[in-house]
Amino acid sequence: MSNDRSAQLELYLDRLYGYAMSLSRNPDDSKDLVQDCALKALTTDKVPTDASAYRSWLFRILRNAFIDRYRKSKTIQNWETDASHLSESSMEYLGGDERLINVLSVKFEMAKLPLAQREIIGLIDVSGFSYEEVSKILDIPVGTVMSRISRARHTLITAIGDTNVVKFPVKRRK
Amino acid sequence: MNTKLPDFETLNAYVDGELDATATAEIECAIANDSDLARQVAMLNQFKSAAAQSIDIPKIELPQPRTQTKPQVALSSCRRLVLAAACLAGLALFTNIAGPFGSTSKNGEEWLSPAWAMQKAWSISDAGVKPNNAAALKVSTFSENMLSGSYVPDLTMAKLYVSYVSSDHQYRNDKALLIGYAGLRGCKISLLITPSAGHLSPLMTHFERDKMSLYGWQQDDLDYMVMAEGMPDQRFKSIAEAVYKSSTIRLPVDSDTRMALAKDQAQSRPCQA
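Chains E and C are the protein sequences, given in the same order.
Those letters in the first sequence? Residues 1 to 174, by the numbering used here.
Those letters in the second sequence? Residues 1 to 273, by the numbering used here.
Rather than coming from a laboratory, the hints here were simulated on the basis of the structure.
Please note: incorrect hints may appear among the correct ones.
To be verified - Here are the computed lysine to aspartate or glutamate pairs in the EDC-like style, where the Cα-Cα straight-line distance is at most 16 Å:
id, chain 1, residue 1, chain 2, residue 2
1, C, K245, E, D4
2, C, K245, E, E10
3, C, K59, E, D4
Generate coordinates for the entire structure from the input sequences, incorporating the hints supplied.
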């Protein structure tokens, strides 16, 4: 039983770490969060048997561990109480150039995103979850997942484009 | 004719493989006729790819038990840690005995005959190779509709492209989903997913018959069988392990495995059926 549970958990360790990084942005904190989550998952009495339910359960444990750890911080308070602070940027088509989008530019701009947007990108683009699974983990409707991920990507890709635009100096006429 | 362009949310759902077959076809038709729309999709795909690689994943170990400094007092409160240690020890034993996937080799069993025949039939066909990153996503959505709970991974990192999909096959009087992946140098592998008949275990098991090789396992209520003929053993095993892991956790192949599969492909010889 323990063997099975450990082997099952091992399959998810790197994805849990990816999710933890998207939340905390700190490698050491992320490792600690994964350890907390793993310990809880290994020692709890009732574990979901269905694979999909197990995954959602596991990532929810990590999310709760993050909330417990940072409950006093202002960021967490904002995140828990109000997700509507998500960027209200236009959802029109993107400008810019796909050649500017690379690992470095994404990493750089992702660190500046609000927590809720980092989280949704962490779950869908880093950990590879479907919208339905994310809706279970975050306990929100699938439609909200859909709008949240598109807003997050829009904000981030727009930011990458803006960062890479160099403004030429303009001489003002006297 | 409907010329309305899809909104940005729908485009995101498209690149995430979240749309049904009809909506996907509508978007693809719109993309073919609108270069700006095609550019939006390219940007979103580029972003997804970059985001997936934006976090460096270190080697993560399961929790280590802390040193017990106060045995009498701490004994009861450490029960959970002790249990975790037992889990770790068990995992080490399990890994040493059975390997990470518990793969053992067996000769071809008679009940596998239909599977061998399906692999043979599809691999001698002249199905074309269409290198397309989005193919697996679409097949994934498609397969979910045909065989509830089935998971079809993207193997393009191993230079294997979905080029054959059929749900018309019958396997032991049950419906079966057969996915054919074709490579660029003659390699063809099959992924057969059927309702479980109880022959396979959750651990990956290896079967051989003549030049054909098959890895099979049970996941939830389904049997998964990956088959190849003439593919170098080590490469095929790595691919089967990647499919096994993906089907077990129902997530795409992770970045380390992707790199390893790409390296295997670059170093391996062409397939010889």
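For each hint given before, does the structure comply? Return the numbers of the non-compliant ones in rising order.
Number 3 - this is the single hint that the structure violates.
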